[in-house]
Amino acid sequence: MTYGDQHVLIGGVPLGNLSDKRISVHKNKFVLKNLQPADEGTYTCVASNSEGRVTYDIQLHYSKGAYFDTPLQNITVVEGSTLIWPCQAKAVPMNLRYRWLFQEKELQYGDTTLPFRSNVQGGTLKIFPVLKEDQGWFTCEANNGHDSIATSRAFLNVHYSATVLSKTPSIQFIPKSISSFLYCLIDANPPLKFVIWTKDGQIVNTDTGKRTNVFLSDNGLKLHFRKGTMKDGGIYSCQAYNAIGASNAFEIHGIVAGMQASTEEQK
Numbered sequence: 001m002t003y004g005d006q007h008v009l010i011g012g013v014p015l016g017n018l019s020d021k022r023i024s025v026h027k028n029k030f031v032l033k034n035l036q037p038a039d040e041g042t043y044t045c046v047a048s049n050s051e052g053r054v055t056y057d058i059q060l061h062y063s064k065g066a067y068f069d070t071p072l073q074n075i076t077v078v079e080g081s082t083l084i085w086p087c088q089a090k091a092v093p094m095n096l097r098y099r100w101l102f103q104e105k106e107l108q109y110g111d112t113t114l115p116f117r118s119n120v121q122g123g124t125l126k127i128f129p130v131l132k133e134d135q136g137w138f139t140c141e142a143n144n145g146h147d148s149i150a151t152s153r154a155f156l157n158v159h160y161s162a163t164v165l166s167k168t169p170s171i172q173f174i175p176k177s178i179s180s181f182l183y184c185l186i187d188a189n190p191p192l193k194f195v196i197w198t199k200d201g202q203i204v205n206t207d208t209g210k211r212t213n214v215f216l217s218d219n220g221l222k223l224h225f226r227k228g229t230m231k232d233g234g235i236y237s238c239q240a241y242n243a244i245g246a247s248n249a250f251e252i253h254g255i256v257a258g259m260q261a262s263t264e265e266q267k
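Mapping to full-length UniProt numbering: the sequence shown position 127 is 127, numbers consecutive.
Because the hints were derived from the structure by calculation, they are not lab data.
The model shown is predicted, which means the values in this text are computed figures rather than measured ones.
Honestly, I wouldn't trust all of these hints.
[To be verified] Below, a list of computed lysine-lysine pairs in the PhoX-like style, where the Cα atoms sit at most 25 Å apart:
| # | residue 1 | residue 2 |
| --- | --- | --- |
| 1 | 90 | 64 |
| 2 | 222 | 199 |
| 3 | 176 | 132 |
| 4 | 193 | 167 |
| 5 | 105 | 126 |
| 6 | 176 | 193 |
| 7 | 29 | 64 |
| 8 | 33 | 21 |
| 9 | 64 | 27 |
| 10 | 167 | 126 |
| 11 | 231 | 199 |
| 12 | 227 | 176 |
| 13 | 176 | 199 |
| 14 | 132 | 199 |
| 15 | 90 | 105 |
| 16 | 105 | 167 |
| 17 | 132 | 90 |
| 18 | 231 | 193 |
| 19 | 222 | 193 |
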């Protein structure tokens with residue numbers, strides 16, 4: 001039996017009546033380029049010759065791998081708050097599965113406590129409470145069974161109160177008769193605004209308008225002494241402030257070191 005006329009019907013419309021240049025037929029082969037969602041439907045192959053006519057229906061289902069119309073955006077939150085971070089991909093069909101990663105490691109296998117403070121529902125990541133250690137790069141992955149996986153990456157910036165680091169020495173020395181300073185090591189995000197220093201419970205006078213023996217530098221991180229004296233010894237504290245809040249006051253024992261002071265100097 002030799003082939004006679006072949007016809008392709010699309011939704012009941014003969015191919016010859018369609019003007020879509022993406023479609024072509026060569027003998028018994030039907031080619032549809034650049035597949036679109038609207039192409040989904042029933043296609044019928046009609047073959048006929050002098051002996052008769054046969055038809056065969058083919059159901060075409062359109063599918064497309066996951067993709068992002070709107071990628072993740074960098075976000076800033078305050079420590080202790082709840083983060084709700086939507087990740088919404090598109091695909092055909094929409095049987096999407098999501099996976100979140102932190103610093104390139106899947107959340108459930110993280111080295112921090114983050115897996116115990118987070119969950120993912122429908123692509124949306126929830127973290128409560130947010131800790132400053134959560135700051136970093138997050139990646140959302142979406143897949144609907146296709147080989148390709150859609151990914152979107154963004155940075156989580158965590159704001160927290162200023163903190164005096166524990167590695168700040170609690171005993172610091174003030175050399176007698178030469179310039180020196182006491183210092184605090186600070187961690188702050190957003191950046192440090194100022195530091196208040198006290199000595200024996202009283203705020204240290206660091207008036208820059210007067211030439212006092214004591215002054216500040218490095219945005220208050222250092223308390224300078226132009227010339228150390230025995231009177232400079234005592235219990236100091238530094239307390240750091242940023243836009244979020246203040247640190248606890250950190251106590252520093254300032255010990256004057258050097259030659260024995262005269263009786264007059266100690267008065």
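Evaluated hints:
Proximity of residue 90 to residue 64 is assessed by CA-CA distance (about 9 Å); at most 25 Å being required, the pair is judged to hold. Between residue 222 and residue 199, the direct Cα distance comes to roughly 14 Å. Compliance with the 25 Å bound is thereby established for this hinted pair. Of the pairs offered as hints, the one joining residue 176 and residue 132 is violated, with about 41 Å between alpha carbons and a cut-off of 25 Å exceeded. As the CA atoms of residue 193 and residue 167 are separated by approximately 21 Å, the hinted pair is consistent with the 25 Å bound.
With a C-alpha separation of about 17 Å, the suggested pairing of residue 105 with residue 126 holds against the 25 Å cut-off. The hinted pair formed by residue 176 and residue 193 fails the criterion: a straight-line CA distance of about 31 Å is larger than 25 Å. Under the criterion of a C-alpha separation no larger than 25 Å, the hint pairing residue 29 with residue 64 is consistent with the structure, at around 23 Å. Pair hint residue 33 plus residue 21 holds up; C-alpha atoms about 9 Å apart against a cutoff of 25 Å.
For the given pair, residue 64 sits about 29 Å from residue 27 by alpha-carbon distance, which is inconsistent with the 25 Å threshold. A hinted pair counts as satisfied when its Cα atoms are at most 25 Å apart, and residue 167 with residue 126 does not qualify at roughly 33 Å. This hinted pair checks out: residue 231 and residue 199 have alpha carbons roughly 11 Å apart, not beyond 25 Å. Simply put, residue 227 and residue 176 have alpha-carbon atoms about 7 Å apart, close enough for the 25 Å limit, and the pair holds.
Of the pairs offered as hints, the one joining residue 176 and residue 199 holds, with about 18 Å between alpha carbons and a cut-off of 25 Å not exceeded. This hinted pair does not check out: residue 132 and residue 199 have alpha carbons roughly 31 Å apart, beyond 25 Å. Straight-line distance between C-alpha atoms of residue 90 and residue 105 comes to about 24 Å, which keeps the hinted pair within the 25 Å bound. At most 25 Å may separate the alpha-carbon atoms for a hinted pair to count; residue 105 and residue 167 exceed this at roughly 30 Å.
Of the supplied pair hints, the one linking residue 132 and residue 90 is violated, its CA atoms being roughly 32 Å apart against a limit of 25 Å. Among the hinted pairs, residue 231 with residue 193 is inconsistent with the structure: their alpha-carbon atoms are about 29 Å apart, more than 25 Å. Distance restraint check for residue 222 and residue 193: the Cα-Cα separation of roughly 14 Å lies within the 25 Å cut-off, and the hinted pair is therefore satisfied.
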